[in-house]
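Let's have the full structure, built from the sequences with the hints guiding it.
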Amino acid sequence: MQWNREQLLDSYRKMRTIRAFEEKLTELVSAGKMGGFMHLYAGEEAVAVGVCAQLAGGDFVSSTHRGHGHCIAKGVEVAGMMAELFGRATGVCKGRGGSMHIADIEKGMLGANGIVGAGIPLTTGAALTAKLKQTGAVAVAFFGDGATNQGSFHESLNMASNWKLPAVYVVENNGFGEFTPTDFVIPVKDIAVRAESYAMNSDIADGMDFFDVFEKAGRAIERARSGGGPTLLECKTYRFHGHYVGDPLVYRSKEEAEDWIQNRDPLLRFEDRALAEGLLDSDALRRVDKLVEEEIAAAVEAAEAAPLPDPAEVDADVYAESPA
Amino acid sequence: MQWNREQLLDSYRKMRTIRAFEEKLTELVSAGKMGGFMHLYAGEEAVAVGVCAQLAGGDFVSSTHRGHGHCIAKGVEVAGMMAELFGRATGVCKGRGGSMHIADIEKGMLGANGIVGAGIPLTTGAALTAKLKQTGAVAVAFFGDGATNQGSFHESLNMASNWKLPAVYVVENNGFGEFTPTDFVIPVKDIAVRAESYAMNSDIADGMDFFDVFEKAGRAIERARSGGGPTLLECKTYRFHGHYVGDPLVYRSKEEAEDWIQNRDPLLRFEDRALAEGLLDSDALRRVDKLVEEEIAAAVEAAEAAPLPDPAEVDADVYAESPA
Amino acid sequence: MSRELGFGMAVNEALHLALESDPDVILLGEDVAGGGARDSGDVDEMGGVLGTTKGLVKSFPGRVLDTPISEMGIIGTAVGAAATGLRPVAELMFMDFLGTCLDPLLNQAAKLRYMFGGKVRVPLTVRTVSGAGMQAAAQHSQSLYWITTGIPGLKTVIPSNPADAKGLLLSAIRDDNPVIFCEAKGVLGLTGEVPEGDYTVPLGEAALLRSGGDVSLVGLGCTVPVCMEAAAQLAAEGIEADVLDLRSLQPLDEEAILSSLAKTGSMVVVDEATPRCGIASDVAALCVDRGFDSLNAPVKRVTAPHAPVPFSQVLERAYMPAAADVIAAVRELG
Amino acid sequence: MSRELGFGMAVNEALHLALESDPDVILLGEDVAGGGARDSGDVDEMGGVLGTTKGLVKSFPGRVLDTPISEMGIIGTAVGAAATGLRPVAELMFMDFLGTCLDPLLNQAAKLRYMFGGKVRVPLTVRTVSGAGMQAAAQHSQSLYWITTGIPGLKTVIPSNPADAKGLLLSAIRDDNPVIFCEAKGVLGLTGEVPEGDYTVPLGEAALLRSGGDVSLVGLGCTVPVCMEAAAQLAAEGIEADVLDLRSLQPLDEEAILSSLAKTGSMVVVDEATPRCGIASDVAALCVDRGFDSLNAPVKRVTAPHAPVPFSQVLERAYMPAAADVIAAVRELG
Ligand SMILES: Cc1ncc(C[n+]2csc(CCOP(=O)(O)OP(=O)(O)O)c2C)c(N)n1
Ligand SMILES: Cc1ncc(C[n+]2csc(CCOP(=O)(O)OP(=O)(O)O)c2C)c(N)n1
Ligand SMILES: [Mg+2]
Ligand SMILES: [Mg+2]
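Protein chains in written order, with this note's numbering: chain D, 175 to 498; chain X, 175 to 498; chain R, 173 to 506; chain U, 173 to 506.
Do not rely on the hints blindly, as some may be mistaken.
[Claimed, not checked] Simulated pairs of lysine to any residue, SDA-like, Cα-Cα distance not exceeding 20 Å:
1) K363/D x E370/X
2) K363/D x S376/X
3) K281/D x G290/U
4) K226/U x P422/X
5) K207/X x G249/X
6) K281/X x R187/X
7) K464/D x G249/D
8) K464/X x D184/X
9) K307/X x E217/R
10) K435/U x L381/U
11) K198/X x S376/X
12) K363/D x K338/X
13) K307/D x D196/U
14) K207/X x E197/X
15) K226/U x M181/U
16) K281/X x E469/X
17) K307/X x D348/R
18) K428/D x E217/R
19) K226/U x L237/U
20) K207/D x D348/R
21) K307/D x G234/U
22) K338/D x P355/X
23) K338/X x P355/X
24) K230/U x P355/X
25) K207/D x G305/R
26) K291/U x E280/D
27) K198/X x D463/X
No wet-lab data here; the hints were simulated from the structure.
So, in structure tokens, the structure goes:
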């Protein structure tokens, strides 16, 4: 496996940014400063960041209702994200999208998506573009275990495999779809076996371990880029918070949650290994922590000061002006 | 395997009826006496009849655009079918359905279906009814290889497996979806492997061999009825005619078609074995042939003489009168 | 006897009564039985994302079913179950998800009876949450009842208050046709008097909520309180409005609309849905056809703009019809 | 220069020109490249079930793609491809199949640009065959353009003749928004003069096909010839009709409708779709709002009944609007 200090520090910074960003959101929502439906990614940082660390700027990702992590991992600016969640005109989507539809196509981020499974065909399409226009790009879809029960998953993976598209399908198996445990609704232990229906490559990674995700995503992305076709990569992970902000969490045991949070936190595991193997030093990590805190504080401050959208523009940007 | 002479003769009669019925349709369409979109089942008779021979009156089947065979196999009256295809008021659907939507729920036949894959959830629902109301019934879905690329297939099989429903999913793999060979669009050799995504039982039958279908369907139906959950049963078969009446058939080789038609005709194979093993005698079969011819001739005659629907009733039966 | 009840609890009570009075009634949907607490005491603490089905699985074990996130499978299965002897109430969590399960409604539930020559009944109810007002943005805020209304073979209803919610839901479930039951976000927070026990509000009957001879205000779902507020403000300046709550979108109570128009000669139709091909157009078209002789002024439509629903609260507020918009439309009548 | 061409061949010519003039244009759909003859000389002999795309894969290999029977995948993939640099033309074989792929149109194609704050373009065209007239019955005969028309972010067009088909399709493909292009069965069999070479018919412009001062007949798709026939018969008895072909359903040419109404004072809108929440209601609602002062009579709508499309030919004929129905509606205007 290949990595350099720069890359590792950047990945740590992104994981830390996701965590800190969402800690701030929880605070802001509790204080009544932010509205809308909000789903937190905390706990799953190693998946988004481990995968995106293997991607280039021209590559694409699609996301889910739980999209903050994928945005940050793909390089979307925190300031624009924060302003978006505050519903400001300066938001990355001008305040029109919000948490569930946050997007930045300039960064190759095809959007969070309020429709479970809907990002999967979008990624398939981005991979088709890459293949037909020979751009060399790869397209990645992130989606949950629950989304693998959607028809869009099935139809897309079959098409991608038939056409050998440069795509990677990353299922974030966090054990739940809303309040329902995965094993109530998916009768196979490993979702990765679903790849066999499409003669597709598959792999399983420990989604709490940046290094494992990084390695396996790297292989899948490399395969896609070199014409070897798509992969279904299952990452076993866990969301530290409830399904949405406000979820009373009565459907999972405290012990189970504690175990994941105490013993498998992807940030701690990353740090442990990075320090143990001398890849990074503690000072560098703490410096990152501080920079992240500052960046987020600044983002909040800027967002709170930013203008609201003009109500008169409520129906702007529905259609593009066309040359024709 | 269990069968008796009665059952075998009845199965032969049904296969012969399907064949003769559709030969008559071809004639009628060519003569301009019948309209609409029409898809012929000839060549695949052993599938519908082999499966339905294992079903009881209270069981349900759903069908496809290619529905004549499933109707006849499930016991729908030929006279009512013929009148339906003639668009008569006496048709089994009062002339409202036609070939693509022919149905007879009193016979447990949940309808041909103009939407590829749409019968699969209907069958899943019928199986849910059977399970929750403990009727002891089994529900069977017939659908094509092409339909296994629809989201409805994926979502239904997953639900049926989770709930261990008394259902059997019969895929009629005839090598083509319209003009496209199955292996252009399904990257696995045996569609039966798709059952593994749902931890579902599966089996593969020679769809040109009544006895093989009968045996394997019997096992699947028995398993469903006794609480053992659903099965995906793949029957390898071939349609003797084009996708629809009028198809110029340029997309498949004449040799391939000839080989199936000459050497694997399910009616001939049935007869060969039945005679060779002394299960039935030639006279009995020829008597059936004659009865079938007579029945169909009578059906045509009655249909041609039957009244057309009253145009004033074009919007009748859209809604049921409700007790409320 | 009646007491104050929230909208959700009125729906819950109707479901309870329906399950109790007919063993063929079942509920199915995502987390309607509460998901993972199955094996603990909190089994149905959650009762769906909005808690509407809370408690039901405990009272009716085996008849309230959590499903995978498979809307095509859920609704399609419910159609098949309805055609073969059950009376399912399926939950489509948000109406925006119609895009993932239109076929079983459009081509199956709505058409089976007609295609079968009248030989089948499809007693299916689909409960769904529609509309804007919670900053849930473009994919969780749509009012898509115009789609189900336009499909022959379906019925569609949208109550504006808890009492109607209970009575209409019981009618919907007991109706032998597929009925789409919309719970508009804009009225989910309302509480109101709800009669106890079993009663129904018939499908296809509008309710006249206020009587006035000067102008007709026609609303549905969450625009009914908007119309009432506008009417109150107009009354303060001496303009008396009829306020009609459509309640059923299909069948549509054409006579109630026409008789209000006959009384007032002018009408404003208020709908939170987008403007094209919607209920407001249908009502206006009815007025200019059968109601032509009553018309003294243009029929005005107050709807959302032809745009997706925005996230930002200032935009969402601008997006949704408000009393001020209704009053402005009334003034335009001259 | 122009010559007689069939409707399908006019569409084929537009596709050929679009593929030729822009390397980002691709076609995808079931059997659009002809399926199994891939390895023989007859590779695209079939060109889709109706033969419309015949020959294209030979001229543009690698850019005309056969797909599995996976509408959600086809349309969803096309949306993703459109957002990232291609200009796909996806075929939805029959518009009835909208039920299997509504989400990628309703919640993705139509909304991406708005949700992204204007930062993306989705230059997608969906070609589809709509309408009745071939005894294809309930699930292969629907006119569902009212659904796509009602969804903000989509455009919808429906040509009534080969020349418009070619010009509108070229506009649709070159437009930077998702456009639904409906090929009505009722006009598929028409031939007509079609200019050679590259030209476009702008989206959003109706065409006045006949001028008369007594009544406005408004049609779309296959009801345009019906209106023309009715106009001819009416002319024989001295009633002169304006005949307006809407061509675009969204954007709708409101000014053309209103100026015809201003001229005639009365209107009959003729649509083969079902009556609820449709184009006919929108046009009538426009008349009773902005056109109120021009109105001398009710606006009549001639549509299909609120019912699925029947199979039997006698029923299907009764189902579809005919010239006699239009004339009857004109007489009702008094
Ligand atoms: C089509 C659709 N169905 C249902 C929902 C409601 N919903 C939002 S998130 C969610 C759970 C998704 O589970 P999973 O895919 O495992 O992702 P996770 O939330 O665990 O990250 C559901 C059911 C939706 N947004 N879209
Ligand atoms: C949802 C949908 N997509 C496309 C079609 C058009 N169509 C009708 S039959 C058919 C081929 C079906 O292939 P398969 O499922 O293998 O069944 P077969 O015709 O071979 O029996 C297609 C594409 C349709 N009816 N429904
Ligand atoms: Mg999950
Ligand atoms: Mg096939």
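Does D184/X lie within 20 Å of K464/X when you go C-alpha to C-alpha? Within the cut-off at roughly 14 Å; holds.
Would you mind confirming whether the straight-line C-alpha gap from K198/X to S376/X stays at or under 20 Å? violated (36 Å)
Given the hint that K307/X pairs with E217/R, test it: the Cα-Cα distance must not exceed 20 Å. Since the Cα atoms of K307/X and E217/R sit roughly 27 Å apart, the hinted pair is violated (cutoff 20 Å).
Check whether the Cα positions of K226/U and L237/U lie no farther apart than 20 Å. Cα-Cα ~13 Å, so holds.
Straight-line Cα separation of K198/X and D463/X no greater than 20 Å? OK: K198/X and D463/X at ~14 Å, within 20 Å.
Is the Cα-Cα distance between K307/D and D196/U 20 Å or less? holds (8 Å)
Take the C-alpha atoms of K338/X and P355/X, compute the straight-line distance between them, and say whether it is at most 20 Å. Given that 20 Å is the threshold and the Cα spacing comes to 33 Å, the pair is violated.
Would the pair K435/U and L381/U pass a check requiring their Cα atoms to be no farther apart than 20 Å? Cα-Cα ~15 Å, so holds.
So if I understand the rule, the pair passes when the alpha-carbon distance is 20 Å or less; does K307/D with G234/U pass? holds (11 Å)
Given the hinted pair K428/D and E217/R, is their Cα-Cα distance within 20 Å? holds (16 Å)
Could you grab the alpha-carbon distance between K291/U and E280/D and see if it respects the 20 Å cut-off? holds (8 Å)
Pair hint outcome, K363/D versus E370/X [Cα-Cα no greater than 20 Å]: Holds - the C-alpha atoms of E370/X and K363/D are around 11 Å apart, at most 20 Å.
Violated hints, in rising order: 5, 9, 11, 20 and 23; the structure is consistent with all others.
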